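Enquirer: Spelled out, the chains give:
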Amino acid sequence: MGMSLSSEQNHAAVDAAVSAINGRFDGSGIEATSVERTSGKHFHFLRITSTPRHWLGLAKFLRFDLGINYCSMITGTHFPDGDDDRGWEVAYHFMRMPVVDQLPGQCLEYKAADLTGHDIPLEVEVFIPLAKGDAPSIDSIQMIWKGADWNEKETWDLVGIDFKGHEDMMRVLNPHDSPIGFHPLQKQHRLRYDGYNEMYDDAQGFGRKPVDSGLVK
Amino acid sequence: MAQMWITMGPQHPMTHGLWTLRVKIDGETVVDTEPELGYIHRGVEKICESRDFTQIIPYCDRLCYASAMTWAHSYCYAVEDLLEVDVPERAEYIRLIAVELQRVASHLMWLGAYTPDVGNLTVFVWCLRDREMFLDLMQELGGSRMHYNFPRPGGVKRDLPLGFAQRARVKIEMFKERMKEYEMLLDESTIFLVRTQGVGYARAEDMVNAGVTGPNVRAAGVNYDVRWAHPYSVYDEVDWTSSVEKPGSVKGADCYDRYRVRMTEMEESCRMVLDALDKIPGGAESHYQSGDEKILTKVPIRAPEGATGHHHFEDSRGESMFYLQGGGEGRGKYPYRVSIRSPMFITIPFVAETMIGYKIADIPAIMGSFDPCIGETDR
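If you read the sequences in order, they're chains A and B.
Going left to right, the first sequence walks through residues 1 to 217 as our numbering numbers them.
Going left to right, the second sequence walks through residues 1001 to 1379 as our numbering numbers them.
Derived from the structure by calculation, the hints contain no laboratory data.
A quick note: this is a predicted structure, and the numbers were derived from the prediction, not measured.
Watch out, some of these pointers could steer you wrong.
The following label-pair restraints were derived from C-beta to C-beta distances [unchecked claim]: (1) A/M199 - B/I1360: 13 to 21 Å; (2) A/R208 - B/R1145: 29 to 37 Å; (3) A/F206 - B/S1290: 25 to 33 Å; (4) B/S1286 - A/G205: 33 to 41 Å; (5) A/P210 - B/K1359: 25 to 33 Å; (6) B/Q1003 - A/K60: 18 to 26 Å; (7) B/L1121 - A/F206: 45 to 53 Å; (8) A/M199 - B/D1086: 25 to 33 Å; (9) A/R208 - B/P1010: 51 to 59 Å; (10) B/P1013 - A/A16: 48 to 56 Å; (11) A/V216 - B/K1359: 50 to 58 Å; (12) B/G1283 - A/R208: 51 to 59 Å.
With a straight-line cut-off of 30 Å between C-alpha atoms, the simulated DSSO-like cross-links for lysine-lysine are [as the list claims (entries may be wrong)]: (13) B/K1180 - A/K111; (14) B/K1176 - A/K111; (15) B/K1333 - B/K1294; (16) B/K1171 - B/K1157; (17) A/K164 - B/K1024.
Ideal placement from N, C-alpha and C gives every residue a C-beta, glycine not left out.
The shape of chain A in the complex, shown without the other chains (with noise of 0.2 Å):
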């Protein structure tokens, strides 16, 4: 038999770090709770909501104190019809893994049912909003989970959104002379085809498409 984590782990291990985060930052507009995953074996993880202002004292919070010591993928998105308060939304994906250093010659073989404490693995997703505008921006996490720098060059390349504190950013995706402010993620951007539907405007495929009318073939 395969090991896994069992659900009691799973549950005390969020639970834990819920009630640390709001314990510390209690007040501040940043909110923990505990998710049930809607598919699958319905584990819990952890979600937190947030403020840009306290964003850093947060991720060093997750860091250093809960041990969360993977940075999984940091999401851009544009919400141009949000509320005032919500046209951008950064969400960060984070884990934790029992993972230490070894010496020559030695492994660690976890068992799943050992784990304790900050070696329970753990998922936690933050959501914080930012107010619309051109310019969103949020403080860069580059300095705390070195994972976080290329996935912020790729969220700055593609949506936009400024890393404050980001050493070298750059293009990574799109070509390095890309037009200043293009970003393709933004929502104002079409695809050349938008609108058009393949299966059933043009079903045997002979036709050409209305946008490449007149274009020499």
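Once you've looked at the hints, dock chain B against the given chain A.
Expert: This is chain B only, laid out in the frame that chain A set:
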């Protein structure tokens, strides 16, 4: 001595795809590196915003040609979290079989691509020969050789074909014998050992902090694995252990450790497939029609605004992940935002830093040992 920048790539045998590594050298020693990515950026995330949830699966297949099945599954688990779907148990077993077969095929592709980098062309041919056995098995499931379009939100497209279990068992037994041939060819080859041992050290904690996961971390001596740490599917019901390697130095795992951990992982995946074929509910020899509720459950086609779904998945190269937001166009028929976490996008900058201090001839050995794949990196 004068220092100079040289450019390796985008067309270079070391890169295993289209990207550029700019290297600053002092004599033969690497003193600085700078990776440049984005040569095959196709904008998958943007395209997905105008596709419905089923239409996105073929795009996920094409994220990585060596590991299409795992990426499509990674996406489907995230969609199920978004749409609040529970998958039937038989479908979970079929998924596990498909993913683990793909993991073996992916590691074989890695081994085949890596060994010519370090001077052993024979293994390349042998690996591709044996990979065909696994591609054939997955072709039986998905209908095509590399891009299977196999899983669906809520289950799988088709049940196991008749006779699949028998053919899978025979091929896996044959493959286990051939694993011994690889080990004879590589572990007893002086050239291979000289090129891989003692180069490319990386410590476990550094790797996790830099966002590197999967076999690369397990090579450094910790059996951390998303499959048991954040359990999904039926990995707790089949027989397996997470493969782990003892690092050879205080400096962490070298290229040889990363080779060893992938070899044991292939064995574990084979063991898992055999066990899942024995334990699958309903029996591996029975065959349900496509769309039967035992292999595919009903799913809603719309996700409400404000709903989110994410799933951490153990890809063959590390932790992959999808994050989806519901409430896009068509009253929620399309996702509002799809975000893809590619393990290699984060790993490549880390490896580029790891190379500093080694000789220029070690660059292919170090880079290849981390299993780069550019399709998923550039998306």
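Enquirer: If a hint holds in the structure, say so; if it does not, say that too.
Expert: Now for the hints, and whether the structure bears them out:
The hint said 13 to 21 Å for the Cβ distance between A/M199 and B/I1360, and at roughly 52 Å that hint is violated. The hinted range of 29 to 37 Å is satisfied by A/R208 and B/R1145, whose Cβ atoms lie roughly 32 Å apart. The beta-carbon spacing between A/F206 and B/S1290, approximately 31 Å, falls within the hinted interval of 25 to 33 Å. The supplied range of 33 to 41 Å is met by B/S1286 and A/G205, whose beta-carbon atoms lie about 39 Å from each other.
In this structure, A/P210 and B/K1359 break the distance hint of 25 to 33 Å, their C-beta atoms being roughly 57 Å apart. Checked against the hint of 18 to 26 Å, the pair B/Q1003 and A/K60 fails, with Cβ atoms roughly 37 Å apart. For the pair B/L1121 and A/F206, the beta carbons lie near 47 Å from each other, so the given range of 45 to 53 Å is met. For A/M199 and B/D1086, the hinted distance range of 25 to 33 Å is satisfied, since their beta carbons lie about 30 Å from each other.
Checked against the hint of 51 to 59 Å, the pair A/R208 and B/P1010 fails, with Cβ atoms roughly 33 Å apart. For B/P1013 and A/A16, the hinted distance range of 48 to 56 Å is satisfied, since their beta carbons lie about 50 Å from each other. In this structure the hint that A/V216 and B/K1359 lie 50 to 58 Å apart at CB holds, the actual value being about 52 Å. B/G1283 and A/R208 have their C-beta atoms about 52 Å apart, which keeps the hinted 51 to 59 Å range intact.
A threshold of 30 Å between alpha carbons decides the hint, and for B/K1180 with A/K111 the separation of about 29 Å falls inside it, so the pair holds. Our distance criterion of 30 Å between C-alpha atoms is met by B/K1176 and A/K111, whose separation comes to about 27 Å. Restraint check for B/K1333 and B/K1294: the C-alpha separation of about 25 Å stays at or below 30 Å, so the hint holds. A C-alpha spacing of about 23 Å is found between B/K1171 and B/K1157, which places the hinted pair at or below 30 Å, so the restraint holds.
The hinted pair formed by A/K164 and B/K1024 meets the criterion: a straight-line CA distance of about 29 Å does not exceed 30 Å.
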